[in-house]
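K.L.:
One letter stands for each residue in the lines below.
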Amino acid sequence: MLDPKELDYKTLGFHAGLEVHHQIKSQRKLFCNCKPEMIKSTTEPDYRFERYFRPVLGEMGDYDPGMLIEYEKGYRCIYHAFEEVDCIYEQDEMPPYWPDEEAILKGYELAHWFDCTALVDEIIFARKQYLDGSITTGFQRTTIVSRDGFTYVNGKKIGITNLTIEEDAARRIKTENYGRTVYYNLDRLGIPLVEVITDHRDCDNPKDLLKLAEIIGLTLRLSGIGRRGIGSARQDVNISILGGDRVELKGVQDLSLIEKWCLHECLRQDMLIKIAKMLKEREFDINELEHTYFELTDKFNATNIPNNFIIMGIRLPKLDGVLGLEIQPRKDFGQDIFEKTALITGIIMKNMFHSDEIDSKAQRRQHKDASNNFFFSNMSKELDKEIRLALNVKNGDSYALVLGSQKWCIHGLKKIIERIKMAPNGVPQETRRALIDGNSEFLRVIHGKDRLYPDTDTPIIDMDMDEVYALKEKVGKRPWEIEKEYNEKYGLTFEHVKQLIRHNRLDDFEKLVKNGFNPKLVYKVLEETLKTIKRKGTEIKNISIEDIEEVLKGAQQGLFDNSVIPKILKEKVKSSEKSIQQILTGLNIKKIEVEELEKIYPEALDEYNKIQSINNKKLNRSAIIQSQQHYKANQITGILMRKIHRALSGKIVYEFVRKQLEAK
Amino acid sequence: MTNEAEVRDPTGYKGALREWLLRKNIGVWSMVRVKKGNAIYEGVVLPRSENTSENYLVIKVDTGYNIGIYLTEECTIEEIGFKKGEYKLPDVTVRMNKDLPKVTLLGTGGTVASRLDYRTGAVLPAFTPQELFSAVPELMDICQLTPKKIYGILSENFKPEFWVKTAQAVMKEFENSADGVIIGHGTDTMSFTSSYLSFAFQDLAAPIVFVGSQRSSDRPSSDGPLNIINASTIAGYADLAEVVICMHGNTNDTYNLIHRGTRVRKMHSSRRDAFRTISDIPLGTIDANQNIKFLKKDVKKRGKIEETWLDAKMDERVAILYFYPGMDNDILESAIDNGYHGIIMIGTGLGHVSSYMFPALDRAKEEEIPVALVVEPLFGSTNLRVYETGRDMLARGVIEGGTMIPCAAYAKMIWVLGHTKDYNEVRKLMQTNLRGEMITREPNKGYLLFQGVEPGIDEMMRKLDPNPRFDAFR
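Heads up: the sequence lines are chains A and B, in that order.
Under numbering that gives the first Met the number 0, read the first sequence as residues 0 to 663, first letter to last.
Under numbering that gives the first Met the number 0, read the second sequence as residues 0 to 473, first letter to last.
The shape of chain B in the complex, shown without the other chains (with noise of 0.2 Å):
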């Protein structure tokens, strides 16, 4: 097995002990033993995560368990073998079937597709969509679906370049007579970009999905295969011309809501659950047999495909600052100094700030900046009329949000900058509902976060949901 002629290379190691293995050509895959006192140790040696400790060993030992040796100048080491690992997915052989839909999943990284980085130890976007085939084969069943990788990058690495880049990609899918798109995207935030691309798209037909996972595609418990199996019936099928987002409805593996992508939230760091639709109720709900059930009325219907185009311009010198306590006026005065072109800010309560910024909003409104308020407790709407200080907000110019959450406005701001800058442009079209990221009537069914204190509410939690899934006699 060991071959002489190969240079091998202690990948990830560093300092004395590289040196070290350098000298004696041991690297990453070779099967050494190494003695340390009366220790005897076996293993093939495994590539070492950065930002850990020197002068430590990584072996995969017999049983399949890594562990870590500490080498000092007393152990012995001599390679024993070679062994190299590769970190694929089998290729399975894709036969479609040209009476289904045509849908197209376009990667973008994040954990629907994700592997193990031996650099940092972490999990890191690098299956490419062709492999979710192997992983998820029911998706042959659902459409014809045509993964793409359009690129590979973590959620919180996206800017809103990669916005104006992602709708371009699903604008020529639809070129390309796409009966849907699937965007996999990174969880943290799939909302900005759904909100963005919301915008950009005019006269959309048909829908985008965006879908990801909160449990990554690298254990058995994902989320990431439901999802997906979901997204891509929604792509393929649903009678729905909007962006939408595809996630987990609660924590079991029972159905998905389809959030309209304004309106949609992260509210969870780690759940399953975790994205929710703010201050309303979802669009509807899929379950895990793909049944579709609409539970909005106003969901926009398919139409002509060849009516669909894109709109894809932006601005994108726009911040978000957090109004807090004691916040003081000079991070309001940076952002123009910096020559940023549009402020969302996010305001208490009805969407307040304190008294001492409004030199600030007085700057701005001199140079016309526009400065949008949206509330933070996330539900509800802004009010600048009900107190004073808001009145004298609303006086400095500030453009009051309504409903519309933070990510929404930000990605909306960003859309409108790029096609006017004009004070009172600006101020209409921020004003004005666009893709429902503004609702003008607030149901009470749209707030609804439990205690745990409700009537019937331990009733609920013991009881399951209904799943059509399970078919005794398959």
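Okay, chain A solo, but in the shape it has when bound (with noise of 0.2 Å):
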């Protein structure tokens, strides 16, 4: 594997690109008259009922191979609905309502802050299979408003190839009986949602990707389309490199993670491609991989064996080291074949082995718990020469053991060597589920476009398309170009602007700017005093954007200094008929002219001396800095602040002193 600090984006040729999904703000769902609102993941449901699904051909007469794997993997789906929420709709017992032309409308109006050239001009609803039991009805409605749309990150132009309004799939609660009970809520099931697809060849290294997630968010933000809360936005990622394959990390929630992710996932598929060639050099023919499975049960201490368990094994020729290579950190390619294998099958990850793992320092040995692996503690050096001897393993040869029962054991070792048959190619196409220390599990195939057809159930439906172009209007400034304009007028950075438009503060930073006030102290104001106070538990909610003007107002004059905002702005909460003069007299901030100062600077003055003196004696060498005239007007200055009750600006203060000394 590559030393992670070592890998180069570029030369890999790291390409990515995001699909976001986003609800949207509307009255009900997409297809019913529902709420469209989530219920505590506490609540008991009201009601609970199972499905079992089955793929079905597509409009061109196929079957989507990823559709397939999912059949395979027998889900048997049990759901939580409420009544609050669901209506028999979500419960598949009967067809859709007229979809909501309120979100269909905003999937519109999304398009024209991304400026979409190809709209569509009538919606056809598609169906789009999900096998997993997340959605009811076994497919998802979706439909395209819009193609060929753009946005910017960090002035490289990002291609939006689709933007498509779908209803949300239900939440996972949890899953049982080696994963092939699926347990879903239906309260999320329905929900209008907005996916924007960039191009993923597009994007070239993961620091962009990461701001083209926000900047997405952004814009459903600042258009007012999306819904905000928790779990409202989740993003897939598309990531290949050179020589690889596009691979789609789904659950990406946790943004910060997007850099982590694109790194592992980069070290997987080089390190995949290193395997092919690897495979390449050793003249590997997946025409040797034969599924002859041979039962190997009585080779082990019986007693171990659960009951109804045989242990079954498979000879993989020319395999010898390669299934104990590192693709990801702390995970070997066995570990990822299992990986896929479990889910297909449901056989849990402690009961396949591969011939790698005989050594100590294998990579799931060194997991927490490798102790629950059945054959870390049952297989030994002997045993190891026994079961080589009775698979006709060979120098050079691998071999893998799974655990179960006869039926699980085929089928295990029977999707072990597909997998294994991949391994020529490289990187298989994927959609891995994002782990949280970086890498990623097999998931699915990644879904073709087999898996859509057409819904009968949703008539096509002619849009008003001077109605559709009309919501041009309702596009603002985006936040690219906002960026680049607060950039350039007042210095601010992107963490900036993206502060200023996830609290909605943009008017008012605008407003204030307008009249005249330093931007960066407005930013200060607006994005770091009111949260300050808000975690001392001042409710900002009463603060008015005139208030805060006041108060500014106020600094600019020199009626106080900018330290004591925060402190003003408290008051002004408290008692909000008070004027600013009025809170400055409470806090006892009174007014004060130059030639007070002169009254108090002797008295300043002379702390300070009695201050040195006492730090002259504590340390000698200080004198030398002391004596610098920069070091004392700002020591003389916060003294008279003090003094006067910050009731100048340090500016100042600090110009006074400095004439002070110098005079002198």
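No wet-lab data here; the hints were simulated from the structure.
Incorrect hints may appear among the rest.
What the hints assert, rightly or not - Here are the simulated EDC-like pairs of lysine to aspartate or glutamate, each with C-alpha atoms no more than 16 Å apart in a straight line:
hint : chain 1 : residue 1 : chain 2 : residue 2
1    : B       : K35       : A       : E121
2    : B       : K82       : A       : D449
3    : B       : K462      : A       : D45
To be verified - Just a few of them, taken from the derived set where beta-carbon distance is under 8 Å, the chain B residues facing chain A:
hint : residue
4    : T51
5    : Y55
6    : Y64
7    : N65
8    : I66
9    : Y69
10   : D217
11   : N251
12   : T253
13   : R270
14   : L463
Treat the numbers as computed from the prediction; the structure is a model and nothing was measured.
Just so it is clear, CB atoms sit at the ideal spot from N, CA and C, and this is done for glycine as well.
Relying on the hints, combine the two individually framed chains into one complex.
P.N.:
Structure representation (structure tokens):
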């Protein structure tokens, strides 16, 4: 595996794109009249029901290969439903109602934000198959509203290939029975979603990818199209490197981990490509892999084998050392194969083993739960020899073992072989689940276009295109435009712009800046001061923009120093009817003229000298520094500020002190 | 990919757009590039559904989505390829296990077997029953299932003549020693057909199982597979010799109900568990692991198939009239004028119609046209002796239908009138329980319509049915 520190995205040919799913703010669900709201996850459901799913043909007459794998998983799906937010539509007991046109129009509106050129004139809902049970119909109703738009990240144009409107899926609660029984909460099912798909060739480094996700999120926020709240946005990341293939990482909720996931995926793809080369050098031929499974139960100590379970093994020619190769940090190729096998068949990880794991330094042996593995505690060097003999494992070969019922063992070994047969081609197209440690595991074969077919329950809707084009007027400044403008005009960064948009303070900011206040001070008050006093328990909702303006005005006039702004704002919340002057009086901040400063100055100087003499005794060397004018002026200003209760801005006082010192 | 010689057909497109496409030799399955303003659309042209607006071109784009583009004179279109699509399930090699029971599946249409129709954009029956094997391979391990398509009609387009044809097709299968017959049928009028077949078969010695689906088979969540698997098991194994309907018992994919063909009715327009036995409990249940449990003691057991014979006579001049407040005499009069031979009337409450209807009833009596009353509440029985109106009706010769449900009464009268037009005979037969269509004891459990307020109902709703199908150690 590459050293993560030395990885260079440019050389690797890293390319990535996003599929951002964001809930739309709407009055109802997309296909029924239920409230688009989520129920607290601890609530006991009002009713439960269960279902099984089967694949159906695509419109062009083919089964989607991904769907067949999904069916092989054989999920039993149990649904938790709530009377408040679910009707028999979510239960898949009735055809859909007329789709929510508000949500569809919001899709078009968002298309204008991204300057999409290819808007569709007719809305045709399609069914996109999902056999994991997350949608009770077994398909998601989805429609394209437009194509060919764009956005900018750091000045680089990023294509938006498709913008779709679809229904959200149910929330997965838990799984049982080796992952074969899946529980879903039905509250989220049917909430309208917009999916923004970016061109997966356009982003060439993870930092830009993170920013791209943020920019799309900010656009949804700015436009008011997106619903807010936890779980309202999810993104899938498409990653490929040169010589690799498109891999979709699902479940990327935490944007801060995007870079890590990209890194680990690059490591994996790079390693899979290297493995493919290695196999070529070894003249590995997939036809040598035979589906011949041997029972090896009698080689093991019978008392350790669970009831009704057997052990079966298979020879893996020319693969010695390959399954033990690290493809992601702390994870070997064998584990990646086993994860896929486990997901499809339901066999648990600890009941699978490959011959490289006889080594005590094998990756999985270092894991926390290694002791649970049946084979780690039952395999020995002698047993290894016996098994090699029984399976006819030659030098340079490898083998794999599975513990389970006969049906399980055969299914598992079959899946292991099928995956290894893909190894000479490097990176298989997969949808993978992103894990918190930055690694990922197989989730499903990447869904193809054959899983889509027209939804015959929903009539085709001819859009009023005049109304659709009129939505363009609702488009305001885009986040990437604001970023550029604020950077040029005010010197604010993307981080600053992000905060202002997220807290809906863009208008306030612009108004205050327009009224002549210092942009950086305005930003500081809006984004930092308010946050700080809120943290200390002040209800900032009660602070109006007029209040803030009044306080800023005071600071600008030099009535007080910027550092007392939080104090004054806090007072303003407590008694909003008080004028700034009254508050200042209450805080014992009296208006002070420069003449008064002159009166207090000698006192301050005395105090300063006193402190200095004490300090000088302690540390002689510091005298050199203290003699510097700059330091002295700062110190005296501080003392003066305290004495006048910060009733003047620090800048004025500092200027005064400097003049005094110079005059001397 | 482009075949220049071929003439393209823009199926379903109309008017100016069609002309334009023909001129350009662009048809369905052409890959095209459309330019409209600064937008470029690429995709495969799909057939256009009927009853949709003109001048929209539907294309399937690379992502698999279909989009509609409104074409104007400013647009340009060119063909860049051609890809024909065909909607067909892959063929499977059928291996028959000779030790398994022989069952025939007669396909009549309906949503057990259906596909998309580009013309209307709706679901149409079109899968050949053979294709069921590739969709539901489990069937091969249950019985030697021979699928035969007798016709493909939607449930609502069924007529009594199709009942007779269906019955004859079933009889033919029994003659060819089938152990049971399944009829794939649209759900809307399934209980009419099941009722008729109940009357038409005499000394029935094997099961005839009606099955359908409430979620069409073009959906991953279809109830069809479990229904057909369970129907096959009943047809092949159950010790039962009646015409039954086998559909989901509730919203879960966990068990089906076995309903007597003359007592069952579709009670919901779309739910999986739409079929309910009226005024009684169903004959039995069959779970997702195909365990059959009979709940009624009077289930007719299998006999010698040689003794089964078909008596599929009919007279389809029978009408159903639904009485409503303010109903005018003229409707019944018109039925008589139009030469109907029998009338099923759905009367309010215990089976009443208003006294305004009496002159027409008098006329029916005079012309010896049997008028049988069934109850509008669906549950319960007629009783025309309780109130004066009822007694007046009886005096005018109306026949009490008892606990017969409307579809069963209708099918029965059609069958009866096929044998005799004699008023007294018809009356006698209509009031005799022939195939369980009339119940003489109504159990308390026969009327369970929960309202969501019953004590313990919330607990019941949260509980899942036991499901033996799921086996952790497969």
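K.L.:
Indicate, hint by hint, whether the structure satisfies it.
P.N.:
Hints versus structure:
| no. | hint | verdict |
| --- | --- | --- |
| 1 | B:K35 x A:E121 | 14 Å, holds |
| 2 | B:K82 x A:D449 | 14 Å, holds |
| 3 | B:K462 x A:D45 | 10 Å, holds |
| 4 | T51 | 5 Å, holds |
| 5 | Y55 | 5 Å, holds |
| 6 | Y64 | 5 Å, holds |
| 7 | N65 | 5 Å, holds |
| 8 | I66 | 4 Å, holds |
| 9 | Y69 | 4 Å, holds |
| 10 | D217 | 5 Å, holds |
| 11 | N251 | 5 Å, holds |
| 12 | T253 | 6 Å, holds |
| 13 | R270 | 4 Å, holds |
| 14 | L463 | 5 Å, holds |
When held up to the earlier numbered hints, the structure conflicts with none and fits them all.
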